[in-house]
Amino acid sequence: MNCHNRAATLLAGLLCLLLATGGQARTPDRDRPIDLEADRAEIDNVRGISTYTGAVVLTQGSLVITGDRMVVHTRDVEGRRVLDRVEVAGGPATYEQLPPGQTDTVHAEAPRMEYHSRGPQRLHLSGGAELWQRENRMSGDEIRVNLETQEAVVEGREDRRTRTIFYPAEERDEE
971 MNCHNRAATL LAGLLCLLLA TGGQARTPDR DRPIDLEADR AEIDNVRGIS TYTGAVVLTQ
1031 GSLVITGDRM VVHTRDVEGR RVLDRVEVAG GPATYEQLPP GQTDTVHAEA PRMEYHSRGP
1091 QRLHLSGGAE LWQRENRMSG DEIRVNLETQ EAVVEGREDR RTRTIFYPAE ERDEE
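Quick note: the sequence shown uses the numbering used here, first residue 971, plus one each step.
If you're looking for bench data, these hints aren't it; they were derived computationally from the structure.
Cβ coordinates follow ideal geometry from the N, Cα and C atoms, glycine included.
One thing to keep in mind: the hints can contain errors.
Said to hold, decoys possible - Restraint ranges, calculated between C-beta atoms of paired labels, are given here:
| no. | residue 1 | residue 2 | range |
| --- | --- | --- | --- |
| 1 | V1052 | R1010 | 37 to 47 Å |
| 2 | E1128 | R1045 | 36 to 46 Å |
| 3 | V1016 | T1119 | 30 to 40 Å |
| 4 | I1135 | I1019 | 35 to 45 Å |
| 5 | T1064 | A1139 | 20 to 30 Å |
| 6 | A1139 | T1021 | 41 to 51 Å |
| 7 | R1017 | R1104 | 20 to 30 Å |
All chains, please: the whole structure from these sequences, using the hints.
The structure is reproduced here in structure tokens:
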């Protein structure tokens, strides 16, 4: 086998390995189908507002939102119905999502939550909120997060101060 054939065979093998192990980019969650489960659903397609009650679970790609009651706002974009905003009340309302390009899921919970899927993607937690990724966490009465820029504002109250715990990234030996 000559040098060019070996290189072509090696390249083809690497390409197959990348495709088999998910080397391609993940489809953004906002472009994936929305799956909603609840005990009861009231749907108004004309206004794009649906109300779900009873152990509600919304899934869209890696995004999972749960709560006791969920109001889902959708809108028409280029002839397609897309998720715009989700208002959640729960005991507690929960959120989890794997951010693009990361390997660790972000988790959050609060008695009340509002998730905005579009322009920019953001999360508002209130009533005693906690947000964490791995062992890093923040808590307070209210947390507002821009999920695209990873900027957050955490607010406390007189009886509930904010708290942030983060661990420095592990240093790697340069040998």
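Each hint tested on the structure:
Hint check: V1052 to R1010, Cβ distance near 24 Å, so the stated range 37 to 47 Å is violated. E1128 and R1045 have their C-beta atoms about 39 Å apart, which keeps the hinted 36 to 46 Å range intact. Distance hint for V1016 and T1119: a CB-CB separation of about 34 Å, consistent with the stated range 30 to 40 Å. The hinted window of 35 to 45 Å between I1135 and I1019 holds, with their beta carbons roughly 38 Å apart.
Distance hint for T1064 and A1139: a CB-CB separation of about 27 Å, consistent with the stated range 20 to 30 Å. A1139 and T1021 have their C-beta atoms about 43 Å apart, which keeps the hinted 41 to 51 Å range intact. A beta carbon spacing of about 40 Å between R1017 and R1104 contradicts the range 20 to 30 Å that was offered as a hint.
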